[in-house]
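Required output: the full structure, derived from the provided sequences and hints.
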Amino acid sequence: MSKIVSIEITHHRLPLDPPFKASWDGRPRKHFDATIVRVRDDEGREGIGSGDLMKGFEGHEDLFIGEDPRHVERHYEVLSHISFHYGRCWPMDLALWDLAGKITGEPVWRMLGGRADRVRLYASSGVLRDAGAMAAQAESYLEEGFPAMKVRFTSSGGGRDGWWEDVRALEAIRARVGARLELMVDCNQGWRMPWDTTLAWTFKDALTVAMELERLGVYWMEEPLHRSDRKGMRRLSDATSVRIAGGEMTRELYEFRDIIEERAFDVIQPDVALVGGITGCRRLAWQAREAGVMFTPHSWTNGIGVLANAHLTAGVGDAPWLEYPYDNPEWSGERRDYPMAVPLRHARGWLDLGEAPGLGIVLDEERLKATRIG
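For the sequence shown, the numbering used here gives the first residue as 49, with consecutive numbering after it.
Everything labelled a hint here was simulated from the structure, so no lab data went into it. Heads up, some of the hints might be wrong.
Claimed, not checked - Straight-line Cα separation of at most 30 angstroms, DSS-like style, residue types lysine-lysine; simulated pairs: (1) K417 with K69; (2) K103 with K51; (3) K279 with K252; (4) K417 with K103; (5) K103 with K78; (6) K417 with K78.
Claimed, not checked - Pairwise CB distance ranges, derived in the manner of DEER restraints: (7) I421 with G153: 15 to 23 angstroms; (8) W243 with Y302: 26 to 34 angstroms; (9) G114 with G180: 58 to 66 angstroms; (10) R122 with R61: 40 to 48 angstroms; (11) A227 with L101: 40 to 48 angstroms; (12) M259 with I113: 53 to 61 angstroms; (13) A184 with E121: 41 to 49 angstroms; (14) D253 with G180: 24 to 32 angstroms.
Since this is a predicted model, take the numbers as computed values, not measurements. Ideal Cβ positions, reconstructed from N, Cα and C, are used throughout, including at glycine.
What follows is the structure in structure tokens.
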């Protein structure tokens, strides 16, 4: 029986020059941080995870040392209690699944059910460009084989003058690519950066925007209201043919249970690196399917988080696409995946997961040494 013998957590920082100005954060980002979790067993194998900062995990290592890493349901319960008292430590769950795959010699997608060994991707943009530049970016996605693109609307401190200007950018995209790309819109109203006290849209605001998105054939409308307004989300879903999506920062699985039962969203977007890990989110995939709610994870962390969400989506779910953070040149694969030896490679809008045991992660140890901050 394999036993956990050590857990190591390190923090890393990649300087960004030029800075990355994300649509959801008016302050240009001058660095990109990554937390790496390594879980080792008594036979020298190592499981790897990444995502949130693992705050509050220190001092709880003894709850895992000596345990079989494959007992993921037991470990999920412990992590859920740590999350309740402290921070979100779900990267540990990712590392346990990676290690379990290496012990069994199987890729995680197969261990989760084996529905597929690859996932279809949608290109998730992160930068606010003018209308012409957004249309050109959409055309470049189409040329690379992506079937769909997510467009960001202005959050506080963004580079456009309100949602009407966002709609003009969306019109330019639709005029350039027609119906060849499915379009989704992230309204950035569900949550805010800590410094941002701008109020979210009201229901009437969101409904006005939804009518514009419906006219332009948008597939889903993401985070159009404050994260607490589930009744408003349900009303909005009933009032428009545009699907309502959200939940990327929802902290508890029971909140998703209520969202699914209430049909508050048409699309739920939990991220295994931020809530529930793979162990918890596979429950949500099952619940969502039975309720007729689409399950497709948020995955804006780094390539390790993308891989973890991809294995879950391929193994358990049947989502039409998975989020793929990709917005050259500001958000390249090299920036996103700097902890990894080779950035993820998509092919005609697909990410193949292959037969490598676990999650298939190979770290760039030299880069991690050079960027280590703790």
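Tested hints:
1. K417 with K69: At roughly 26 angstroms apart (the allowed maximum being 30 angstroms), K69 and K417 satisfy the hint.
2. K103 with K51: 24 angstroms, holds
3. K279 with K252: Within the cut-off at roughly 13 angstroms; holds.
4. K417 with K103: 21 angstroms, holds
5. K103 with K78: Measuring from Cα to Cα gives roughly 22 angstroms; hence the hint holds.
6. K417 with K78: Roughly 19 angstroms between the alpha carbons, so the hint for K417 and K78 holds.
7. I421 with G153: 15 to 23 angstroms: 35 angstroms, violated
8. W243 with Y302: 26 to 34 angstroms: For W243 and Y302 the Cβ distance comes to about 29 angstroms; the hint holds.
9. G114 with G180: 58 to 66 angstroms: 60 angstroms, holds
10. R122 with R61: 40 to 48 angstroms: About 34 angstroms separates the Cβ atoms of R122 and R61, which means 40 to 48 angstroms is violated.
11. A227 with L101: 40 to 48 angstroms: 42 angstroms, holds
12. M259 with I113: 53 to 61 angstroms: At 56 angstroms between Cβs, range holds.
13. A184 with E121: 41 to 49 angstroms: 48 angstroms, holds
14. D253 with G180: 24 to 32 angstroms: Given range 24 to 32 angstroms: holds, Cβ gap about 27 angstroms.
Checked against the numbered hints above, the structure violates hints 7 and 10; every other hint is satisfied.
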